[in-house]
Each structure stands twice: as C-alpha cells, then as structure tokens.
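Below are the chains, spelled out letter by letter.
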Amino acid sequence: MKKLLTILLASFMLLTACSSNSDKSTNTSNEGTNGGSTGKKQEITVWAWDKAFNIAAMETAKGIYAQKNADVTINVIENAQDDIIQKLNAGLNSGTTKTLPNIVLIEDYRAQSFLQAYPDSFFALDEFINAADFADYKIGPTSFEGKQYGVPFDSGVAGLYVRTDYLQEAGYTVDDLQDVTWDEYIEIGKAIKEKTGKDMLTQDPNDLGLIRMMIQSAGAWYLQEDGKTPFIANNAALEDAFNTYKNIMDANIVKVISDWSQFVGAFNSGDVASIPTGNWITASVKAEAEQSGKWAIVPFPTLANTASSVHASNLGGSSWYVMNVDGKEAAADFLKETFGSNVDFYQTLVTEIGAIGTLKAAAQGEAYTAPDEFFNGQTTIADLASWTEQIPNVNYGMHTYAVEDILVVEMQNFMNGTELETVLNNAQTQAETQIR
Amino acid sequence: MKTEVRRTSIRGSSIRTKANLTGWLFISLAVIMIVIFYFYPMLQALLLSFKSGTGMNLDYVGIDNYKRLFSDKTFTTALTNTFIYLIVQVPVMIILALFLSVLLNSRQLKFRGFFRTAIFLPAVTSLVAYSVIFKYLFATDGMINKLFMSIQLIQTPIEWITDPFWAKVTIIIAITWRWTGYNMIFYLSALQNIDQSIYEAARIDGASATRQFFGITIPLLKPIILFTSITSTIGTLQLFDEVVNITQGGPGNATLSISHYIYNLSFKYTSDFGYAATVSYSIVVIIIILAFLQFKLAGDKK
Numbered sequence: 129m130k131k132l133l134t135i136l137l138a139s140f141m142l143l144t145a146c147s148s149n150s151d152k153s154t155n156t157s158n159e160g161t162n163g164g165s166t167g168k169k170q171e172i173t174v175w176a177w178d179k180a181f182n183i184a185a186m187e188t189a190k191g192i193y194a195q196k197n198a199d200v201t202i203n204v205i206e207n208a209q210d211d212i213i214q215k216l217n218a219g220l221n222s223g224t225t226k227t228l229p230n231i232v233l234i235e236d237y238r239a240q241s242f243l244q245a246y247p248d249s250f251f252a253l254d255e256f257i258n259a260a261d262f263a264d265y266k267i268g269p270t271s272f273e274g275k276q277y278g279v280p281f282d283s284g285v286a287g288l289y290v291r292t293d294y295l296q297e298a299g300y301t302v303d304d305l306q307d308v309t310w311d312e313y314i315e316i317g318k319a320i321k322e323k324t325g326k327d328m329l330t331q332d333p334n335d336l337g338l339i340r341m342m343i344q345s346a347g348a349w350y351l352q353e354d355g356k357t358p359f360i361a362n363n364a365a366l367e368d369a370f371n372t373y374k375n376i377m378d379a380n381i382v383k384v385i386s387d388w389s390q391f392v393g394a395f396n397s398g399d400v401a402s403i404p405t406g407n408w409i410t411a412s413v414k415a416e417a418e419q420s421g422k423w424a425i426v427p428f429p430t431l432a433n434t435a436s437s438v439h440a441s442n443l444g445g446s447s448w449y450v451m452n453v454d455g456k457e458a459a460a461d462f463l464k465e466t467f468g469s470n471v472d473f474y475q476t477l478v479t480e481i482g483a484i485g486t487l488k489a490a491a492q493g494e495a496y497t498a499p500d501e502f503f504n505g506q507t508t509i510a511d512l513a514s515w516t517e518q519i520p521n522v523n524y525g526m527h528t529y530a531v532e533d534i535l536v537v538e539m540q541n542f543m544n545g546t547e548l549e550t551v552l553n554n555a556q557t558q559a560e561t562q563i564r
Numbered sequence: 002m003k004t005e006v007r008r009t010s011i012r013g014s015s016i017r018t019k020a021n022l023t024g025w026l027f028i029s030l031a032v033i034m035i036v037i038f039y040f041y042p043m044l045q046a047l048l049l050s051f052k053s054g055t056g057m058n059l060d061y062v063g064i065d066n067y068k069r070l071f072s073d074k075t076f077t078t079a080l081t082n083t084f085i086y087l088i089v090q091v092p093v094m095i096i097l098a099l100f101l102s103v104l105l106n107s108r109q110l111k112f113r114g115f116f117r118t119a120i121f122l123p124a125v126t127s128l129v130a131y132s133v134i135f136k137y138l139f140a141t142d143g144m145i146n147k148l149f150m151s152i153q154l155i156q157t158p159i160e161w162i163t164d165p166f167w168a169k170v171t172i173i174i175a176i177t178w179r180w181t182g183y184n185m186i187f188y189l190s191a192l193q194n195i196d197q198s199i200y201e202a203a204r205i206d207g208a209s210a211t212r213q214f215f216g217i218t219i220p221l222l223k224p225i226i227l228f229t230s231i232t233s234t235i236g237t238l239q240l241f242d243e244v245v246n247i248t249q250g251g252p253g254n255a256t257l258s259i260s261h262y263i264y265n266l267s268f269k270y271t272s273d274f275g276y277a278a279t280v281s282y283s284i285v286v287i288i289i290i291l292a293f294l295q296f297k298l299a300g301d302k303k
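If you read the protein sequences in the order shown, they are chains A and B. Under our numbering, think of the first position of the first sequence as 129, with each following residue one higher. Under our numbering, think of the first position of the second sequence as 2, with each following residue one higher.
Don't take every hint at face value.
Here are some chain A residues pointing at chain B (derived, C-beta under 7 Å) [unchecked claim]:
| # | residue |
| --- | --- |
| 1 | ILE183 |
| 2 | ILE205 |
| 3 | GLN209 |
| 4 | ILE213 |
| 5 | GLN214 |
| 6 | ASN217 |
| 7 | SER241 |
| 8 | ALA245 |
| 9 | GLN276 |
| 10 | PRO333 |
| 11 | ASN380 |
| 12 | TRP388 |
| 13 | MET526 |
| 14 | ALA530 |
| 15 | LEU548 |
| 16 | GLN558 |
Below, simulated BS3-like cross-link-like pairs (lysine-lysine); rule was C-alpha separation at most 27 Å, straight line [to be verified]:
| # | chain 1 | residue 1 | chain 2 | residue 2 |
| --- | --- | --- | --- | --- |
| 17 | B | LYS19 | A | LYS356 |
| 18 | B | LYS223 | A | LYS226 |
| 19 | B | LYS52 | A | LYS356 |
A partial selection of chain A residues facing chain B, derived with a Cβ cut-off under 8 Å [what the hints assert, rightly or not]:
| # | residue |
| --- | --- |
| 20 | ASN221 |
| 21 | THR224 |
| 22 | THR225 |
| 23 | GLN244 |
| 24 | ASN334 |
| 25 | PHE359 |
| 26 | VAL382 |
| 27 | VAL384 |
| 28 | ASP533 |
| 29 | VAL536 |
| 30 | MET539 |
| 31 | GLN562 |
In case anyone wonders, no lab produced these hints; they're calculated from the structure. For glycine and all other residues, C-beta sits at the position ideal for the given N, C-alpha and C.
Chain A on its own, in the form it takes in the complex (with noise of 0.2 Å):
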C-alpha cells in the first residue's frame, strides 16, 4: 500500500497537467456551440494577461469592432501568462479544442514553440493581413514556413530610461548618454555612484534579459538562424555581451534585485539611475509622480567590440494568434480590422494605455508625436517607434527559455572566475544535449 501510495503521488505531477484546464471549461464550453454557424451571434474568446495592458487594448478593439459588428460578442478572459502557456500546452497535447480560446496571446520568445510543436493548431492569417505593413523584426517570430500565424501586437523596442537629475549632479547631461556603448554608460555609472551613492541599474541574476537585448542588438541570437541548433560558443556577440554583463556587475554599480516589484520599487524610490529595458516599462516609471521631469529615454547603448551592434534592440513583445478551431474567421476578421491595419486604433492605444504597437502606418499619426511632460517634453513615441524600425530581425527560435536557464548557471560561474570560452564551450554542450 505505501508503495502504491508513493507512485500515486508521484504521478500526480501529470495527473495535475491534464485536471488543469478543466476549470475553464465551464466559461468557455458554450463557444464551441454557437462560433461555427454565421448569421446567429458569434463568440470569440479571447486569452490574454495584463490588465493595465493586453488586455485593455483587446477591450479598446472590442468597442471599436462591436460599432460595426453588433452580432459579435468578444470576451476577453484574463488568464496570468504561466496559465495561458499551461492550458495551451494541455489542451493542444490532449486534442480537446473546446477548452481553448478563438484569439490567444502569445509572447515573441515563445511563439515559434507552439507553431512548430502544435502544426495546424494555429489559423494561418495570410488572407486577412499584410505583414509588410508591421515592423521587421516582428515577422520572424510570428510567422512559420512561409505562412503568417500572428498578428503583430506590441513593440518591446528597448530604451535606456535614465534619470537626468542624477546625471546633472556627477556632472553629465543627457547628451552625454546618447548613443553610447556599454563600456561609455560603465564610466558615467561610476561617476554617478561616486557621487550620489546611486546604483546606474537594477539586475536580477535569474533573469537574462540584458543580454538578450545586447544580442539582438547585434543581430544574434542563442540559436543559430534555423531556430533549432544552439549557438553559444563561438558566438562573437554573446561573447561580448558576456564580458560586458561582467563588466557592469563587478563595477559596483549594480543593485541585486530577485523579482519584478523590487525591480519596480528600486526606481520608484530613486535607488538606481537608469533602467535599460523594455518601453512597456514607461506605465510604471510614470506612477511615480513626484519623478515627473526627472526621466528622459535614450537609446539602447551598443557593443563596443561588436561592430554589427546599433542603438535598437528588443525585449519582450506579443503578438496575437488565432486558433485553428470555429469561429476562426470571424476572430480573424475581428483582428483585421482592429489590431491589423486600423492606424486610428492605434492612436488610441498610446494615448489611453500607453501601447507602442508594431504597424508602421501608426507612427505617422498625432497621438505618437505628441511631447511626453513626465519626459521633459520629450516626443518619447515618436523617438522610441523609429527605434522599432532598426531593430534587428532574428529568428527567437523554439528554445530561448531552456538556453537561458542553462546560460544563467553559466553566467554564474563565469562570474566566479571560470574562462569564457569554458564556460560558454560546456554551455553549448549542455544546450544540445536539452535540445533535440
């Protein structure tokens, strides 16, 4: 019995993979009824899992859609992303389509993992976009063998957010900070801490994002270009992104952090100077408001031994997909005319929710040359939409979470004092042995 017992328990850990997207299905079941036949109401569920974010911009285009189409009714559920990955995988594994939604978000890093690992589970969108008409480095994670799965949502274009106050007070002005290299924003960060005790940036060990923005940066990636095969050693600008990293962490300029409200609470309080990350940031800097003023955004700084490295890069990111199931047409017909060509829309985005998106006609309207007063009257969108357009296009591939992982302990120990080359060489080894 207590042999039983124990294998009973130990197989929870699957049992619980498929238990967990049967609570949905109590909201969700009655979509699968009534999307497949035109002419009644047609429901369209949508996943998605910011608030303040995604999804406001997902009930922005519902009203805008619904002005239209009074025979659509759009819901939005919030799942937090972790769950929507995990229903997601559960459903698509188990073949019972009914649990899952018509619209589902998906960030970049992930997307081509559940294009290439659920084929035909995504609804292609060919006929209903044009994906010249969004950014380029959006395409390659949103699209698979030629065919375009997703609707390109946000811009995770990156910036480097830094507080001119500080900087005045070592002795700097915020032209000093344009366009930059690394090694460059190394010194005025010494020169800060030196003088107002401030740390230049926040980082979290566990969280490898910095050096996926410096990659991207430089057009590289941890895989090669088909997305598949590792490529950690021998790979020039994740080598320098390394000794850069290195360089930052042991200038004694750096605050360590572990999760995202002390990322959030560490400028907030004024601890650090700058904030290398991605604009979707610019919401919580902006809840300060005692701050206002204080910021200005400059372009990401580049690799000073990487000569392909420009002052662009990306972190972050989704993009919106259709599944394969009923009601595909009217999801995508919805999604053609909002977040697909609609530029109005997207003016409505950056002024109520503050969401950069990735259509390049919307760049050319009011509300992203409007100045920013928390920035200093900085056109903060307009400088941060022509950043989007230089951003280098890469293929994010299947594996940037299990490489990160891998990297991290790596990155650890070549902290610690390991080579470079060693560390990156059992990196590499490790990454292919996860990888198949």
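Please build the complex by placing chain B on the supplied structure of chain A, with the hints as guidance.
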C-alpha cells in the same frame, strides 16, 4: 464418509465464495476507480516516458530518455539540490518536532493548548501564501536582514535569495517552519498513548530524564518516527511550491527541485512531455528505494 466430507466442504466453500464475492463487490467500485484514475494514467505515463519530441510531435525513442537523464546536468543539479534539502532538512525537522512534542506533552507546562495550536498553525497555511511571505521576509532589504542588522548580528545584509548557498538555507528554513508542527502532532498523539506507569516505574528505578527519553520515549515512538520520516522524504522529493515562489529555482538552478524541473520541461521550455515523464519516473524509483532503505534501517519486519 468420503462423500459426506466432500459435500460439507463444497457447501463450506460455496458459502466462503459467496462471502468473498460480497466482499469483492463492496470494494469493486473503489478498485475500478483506482484502476481508471491511478493505474491507467501511471501506465500511460510510463509509455510516455519512452517518447520524446516537442508538443504533439512525440515519437518512440526507446530508452533514449533514460540515457539522457544521466548526461543531463540540470537534472543532476536538481537531484543534488533535492538530496541536500532531504539530508539537511528532514533530520532537523524530525528532531525539532520530537523535541517540541516532548516539551508540549509535559504536564508542568501551562497554556499547552495555546502552544500546540501556535506550533501547528503553520501547517494549515497555504503553501503559496506562506512562500510569498517568506520571499519578502528574506529579501535583501527585507525584515529578517533589517532585524539582524539592527541587533548588530550582521554588518552587511545577507543575500538570502540571490546567493546560491543562502538561497538553499532560506528554502530549508521555510519548509521546516511549515512542516515541523505537522509532524509534531503525530508525535504528540503517540506520546499520549504511552502509559505513564512506564515512566513512573523508570523513575522509581532511578532513571534520569535523558535516560527515560532515550530508553522509553524513542523506542516507543519508533513506528511513528519511521512513518513521519518516510512521508517527509516523499514530501521533500516532491518539493515544488516553495522553490517556485521563493527563489524560482535560482540563482542559476541553485535551488531547483526535481518537480520544478519537470514543470519547466513541460511548460516553461518548448514542452517535451515525454522527457518530463521520464524525470517523473525517476522520482518514483528514488522514493521506492528510499522507503525500502528506511524500512530496513528501522529494522521493522512487518
């Protein structure tokens, strides 16, 4: 004579068969349920552990997954971490629980009910809720560090969550806090079943308190100690919530547990349920071996 015997034996056996059948009938529902909901998935999981691939593209790869286990550095790390938790945490917790239960069983102690409740209370809290609170208590600028610094115990804050060594310590402290009270309850109930006259006799014979503890309490609690150590071992091998919520396996896999790795393989990375099932089965094998060893070491023939 012969026929007589046979007839009675037939009648006897038919009664027995009937009784047996009724018995089987009563448990059949439970048996069928267990087969459908436990054995069948277990078998499926076993079959799954011989497959590999991404998402739905699973192919049979034979014992390739099991070979992969041995060359998988992350698995080795997860295994080592889990064993460190096991070797450090389980004995500490068992001893602490024993100690507390003997204290709380003492008749001289006032407010016993209050103390018992207080120590058992952690066991009723949600795993996720307490983990999140621990994460904030042990943050670099969290309460624990502030407390230690204000009483001059340390000069610089300890990196409870971002340092590989201290992160393990944090996890161990957390699990110990959560589960000590739970185990203590078992000891407490066992202690109350020990006849006081045995202690009286020992006292009359002049045995010291220590002698009484090791000569009477421990031997009489042995079955319970075995039970709690086996359940704690199993619990530690399945450690998941604390690691995910407090450290997310970090820094750099330093606190990754096997269950967390299974989760990552299934959901964080491009999902490979085949290999994840293989790792799950490795836990099964380890638990069986450990339970067997504990039975042997405890020397219980039953």
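Results of checking the hints against the structure:
1. ILE183: 22 Å, violated
2. ILE205: With a minimum Cβ separation of about 19 Å from chain B (threshold 7 Å), the hint on ILE205(A) is violated.
3. GLN209: It is violated, given that the least Cβ distance between GLN209(A) and chain B is near 11 Å, above 7 Å.
4. ILE213: Holds, because the Cβ-Cβ distance from ILE213(A) to chain B comes to roughly 6 Å (cut-off 7 Å).
5. GLN214: Given a least distance of 5 Å, the restraint on GLN214(A) holds.
6. ASN217: Hint on ASN217(A): holds, closest Cβ of chain B at ~5 Å, below 7 Å.
7. SER241: 4 Å, holds
8. ALA245: Since the shortest Cβ distance to chain B is 3 Å, the answer is holds.
9. GLN276: Constraint on GLN276(A) not satisfied, violated at 20 Å.
10. PRO333: 5 Å, holds
11. ASN380: Hint on ASN380(A): violated, closest Cβ of chain B at ~13 Å, above 7 Å.
12. TRP388: Constraint on TRP388(A) not satisfied, violated at 11 Å.
13. MET526: 5 Å, holds
14. ALA530: Holds - the Cβ of ALA530(A) comes within 7 Å of chain B, reaching about 4 Å at its closest.
15. LEU548: 16 Å, violated
16. GLN558: 5 Å, holds
17. LYS19(B) x LYS356(A): 64 Å, violated
18. LYS223(B) x LYS226(A): 53 Å, violated
19. LYS52(B) x LYS356(A): Status holds; Cα separation ~19 Å.
20. ASN221: 6 Å, holds
21. THR224: 13 Å, violated
22. THR225: Given a least distance of 12 Å, the restraint on THR225(A) is violated.
23. GLN244: Since the shortest Cβ distance to chain B is 7 Å, the answer is holds.
24. ASN334: At about 4 Å, which falls below the 8 Å cut-off, the nearest Cβ of chain B leaves the hint on ASN334(A) intact, so it holds.
25. PHE359: Hint violated; PHE359(A) Cβ to chain B Cβ min 16 Å, cut 8 Å.
26. VAL382: 11 Å, violated
27. VAL384: At 5 Å from the nearest chain B Cβ, VAL384(A) passes the 8 Å test, so the hint holds.
28. ASP533: This hint holds: ASP533(A) lies near chain B, its Cβ roughly 7 Å from the closest one there, short of 8 Å.
29. VAL536: 5 Å, holds
30. MET539: 7 Å, holds
31. GLN562: Where the cut-off is 8 Å and the nearest Cβ of chain B is about 7 Å from GLN562(A), the hint holds.
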